[in-house]
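2 protein chains.
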Amino acid sequence: MTELPQGAAIGILGGGQLGRMLSVAASRLGYRCHIYEPGAAPAGDVALTVTTAPYEDEAALRAFAASVDVITYEFENVPTSALDLLESLKPIRPNRRALAISQDRISEKRFLNDLGLQTAPWAAVNSEVDLRAAADSLGLPAILKTTRLGYDGKGQVKLDDAAEIPAAWASMNNAASVLEGFVAFDREVSVIAARGLDGSVACFDPGENIHRDGILRTTTVPARLSPAQRADAVLVAARILNALDYVGVMGVELFVTAKGLLVNEIAPRVHNSGHWTQQGCTVDQFEQHIRAVAGLPLGDGNRYADVVMENLIGEDVLRVPELLMARDTAVHLYGKGAPRPGRKMGHANRVVRT
Amino acid sequence: MTELPQGAAIGILGGGQLGRMLSVAASRLGYRCHIYEPGAAPAGDVALTVTTAPYEDEAALRAFAASVDVITYEFENVPTSALDLLESLKPIRPNRRALAISQDRISEKRFLNDLGLQTAPWAAVNSEVDLRAAADSLGLPAILKTTRLGYDGKGQVKLDDAAEIPAAWASMNNAASVLEGFVAFDREVSVIAARGLDGSVACFDPGENIHRDGILRTTTVPARLSPAQRADAVLVAARILNALDYVGVMGVELFVTAKGLLVNEIAPRVHNSGHWTQQGCTVDQFEQHIRAVAGLPLGDGNRYADVVMENLIGEDVLRVPELLMARDTAVHLYGKGAPRPGRKMGHANRVVRT
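These protein sequence lines map, in sequence, to chains A and B.
Residue numbers 88 to 441, in the working numbering, belong to the letters of the first sequence in order.
Residue numbers 88 to 441, in the working numbering, belong to the letters of the second sequence in order.
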């Protein structure tokens with residue numbers, strides 16, 4: 088296993104808050120980060136270099152690759168052409184297969200089902216006719232989602248009644264889609280799992296997630312799981328990482344149901360539901376990811392505190408003065424400027440018990 | 088009290104590891120940092136901007152001041168002329184008086200004694216004759232130190248015998264100096280204390296320091312102090328901060344003696360002996376300093392873990408692979424490149440108990 092030497096440069100595709108916290112973690116390990124981001128880059132405040140260029144700019148991509156020792160990413164929707172070029176120049180971790188699978192909901196579900204893991208029942212939908220057939224077979228309510236580029240509740244619509252089918256399909260703009268059957272679940276949990284370059288796996292304790300309007304609001308650790316469920320959750324995550332020969336941190340969202348754990352979604356990167364690790368663990372998810380990508384040994388995922396992570400979305404950020412006064416609460420802001428509805432402005436980790 | 092708004096810029100004089108960790112803390116609160124550093128600047132890896140220019144470059148200082156909302160510093164030996172110019176342009180926190188006092192060992196001792204605080208017995212030394220008289224009056228052993236620009240054991244020499252006086256004085260190169268009488272102390276502790284723009288004071292628990300060759304090696308928290316000694320230590324620190332109308336974090340080094348606490352030295356900045364707070368407290372000393380400087384409420388200094396902080400000096404950094412494997416140890420590296428003897432390369436915080 089080759090370890091990245093002190094002072095080496097890590098390239099990060101994407102310059103949002105995840106890239107920002109990755110760059111800070113990299114600095115703790117003596118590395119420097121170069122951010123590549125077409126738009127605004129809060130990560131640039133704490134990085135050595137920022138390249139502001141579209142993913143189609145071949146010269147910018149080449150210069151970026153030349154300046155770094157390894158490339159990672161903070162979001163999964165980097166265009167394939169950019170990745171093809173970058174991969175020919177420098178190692179990309181996690182690897183392309185993880186990205187390709189998670190970029191497409193249908194590939195992801197096929198991959199998971201082939202591994203023997205349960206998902207919500209699903210059907211590919213490429214027309215109104217498909218949608219009608221899928222609704223018949225899976226039953227309603229169900230959720231129609233584009234197969235690509237969906238996040239934070241975007242590109243999806245809930246179907247409660249067959250009468251809504253034409254409008255629902257129209258709202259997809261003919262994008263390849265998938266209908267997901269409704270799953271009665273007790274709770275949603277996620278496992279933040281890491282796999283090192285040497286194949287070792289370390290998982291943080293599962294957290295319990297609450298969403299509102301398709302956006303994560305809170306993660307509470309520990310999740311309410313039986314010991315058997317907790318062990319299952321970790322095993323599911325480890326199986327996914329090993330199958331992908333994955334290197335880095337992955338977020339694995341699971342539904343806890345009467346019939347066991349279902350995989351809702353995987354994210355091949357550090358994950359919002361893992362922010363609690365900043366206050367609950369000696370090595371947080373960001374450092375864990377950098378350790379993996381840099382070929383360093385993974386840190387111990389041991390949790391020393393119970394934490395409630397709350398996202399500060401839009402005008403939630405107006406509560407910051409009060410949160411700064413709260414004992415045992417750590418505030419993390421992303422430097423994004425004016426709040427907009429639905430925009431993640433920061434998060435607060437409340438340490439409940441140590 | 089005016090709070091610095093989100094996205095505001097904080098200027099930091101000095102670009103070493105303290106500036107680096109201050110810049111990271113500022114990012115957590117949504118601020119951006121501009122580093123001013125004549126030499127190599129590890130802080131620049133995690134800052135928005137770095138100005139590399141001497142402290143005598145008036146144009147560079149003006150441009151720096153124009154780009155920031157408030158100015159702070161990570162070390163105390165910024166030349167007066169630079170501070171005069173900067174102060175005319177933007178607020179400097181902590182204020183000039185704290186800097187002026189701590190830049191000169193004699194001013195510092197006078198200030199402390201005038202406050203009714205004990206120091207080691209001392210005498211000003213400006214000649215070999217002075218030194219001989221001081222040695223007679225204070226007794227030997229004693230330590231001869233330049234009044235200015237000393238740190239990490241530099242600019243000081245121990246005197247065990249009167250025969251060493253000529254050589255000791257010669258080694259000072261005629262610099263204004265001070266002879267400090269030898270103090271029999273049980274231990275050295277330090278208090279990392281903060282004072283907000285609103286005058287509120289918060290102290291972290293005292294840590295116990297071990298030095299070798301004049302350089303801090305370890306800080307262990309909690310220090311072995313009686314409850315009365317702990318209370319005294321915090322009161323001494325608070326008295327100093329209030330007397331200076333101080334804003335920011337200060338390191339106050341104390342000797343624990345049979346006759347009570349003696350102040351060894353004050354440092355008007357975040358302090359190496361406060362690095363343990365990164366693993367022991369929800370708000371660490373770096374964030375505490377930024378909160379103060381930005382006019383935000385101070386964080387709770389409550390300690391939730393026992394920590395042993397160990398400096399990684401020179402080739403200690405070769406132990407990093409092993410430290411990365413150690414459960415409950417957080418490694419912090421400064422990105423300084425090749426190790427040199429006596430160079431602070433990083434530190435490790437071992438969480439002993441939570």
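Please note that the accuracy of each hint is not assured.
Which copy is meant is left open, because identical chains are indistinguishable; a pair holds if it fits in one copy or across any two.
Said to hold, decoys possible - Cross-link-like lysine to any residue pairs, in silico, SDA-like; alpha carbons within 25 Å at most: (1) K431 x T305; (2) K423 x T136; (3) K423 x T89; (4) K431 x E90; (5) K423 x T138; (6) K423 x V137; (7) K431 x A153; (8) K177 x D415.
Calculated directly from the structure, the hints in this document are not laboratory data.
The hints, checked one at a time:
1. In the homo-oligomer, the alpha carbons of K431 and T305 lie at most 25 Å apart inside one protomer (12 Å), although the nearest pairing across protomers, at 39 Å, exceeds that limit.
2. Taking CA atoms no more than 25 Å apart as the test, K423 paired with T136 passes in both settings, with 18 Å inside one copy and 17 Å between copies.
3. For a Cα distance limit of 25 Å, the shortest separation of K423 from T89 across copies, 20 Å, qualifies, whereas the shortest one inside one copy, 36 Å, does not.
4. Taking the shortest alpha-carbon separations for K431 and E90, only the inter-copy value of 22 Å comes in at or below 25 Å, while the best intra-copy value is 34 Å.
5. For a Cα distance limit of 25 Å, the shortest separation of K423 from T138 qualifies both inside one copy, at 18 Å, and across copies, at 24 Å.
6. With identical chains, the CA atoms of K423 and V137 are at most 25 Å apart both within one copy (16 Å) and between copies (21 Å).
7. For a Cα distance limit of 25 Å, the shortest separation of K431 from A153 qualifies neither inside one copy, at 32 Å, nor across copies, at 30 Å.
8. For a Cα distance limit of 25 Å, the shortest separation of K177 from D415 qualifies neither inside one copy, at 42 Å, nor across copies, at 33 Å.
Violation of the numbered hints given earlier is confined to hints 7, 8; the remaining hints are satisfied by the structure.
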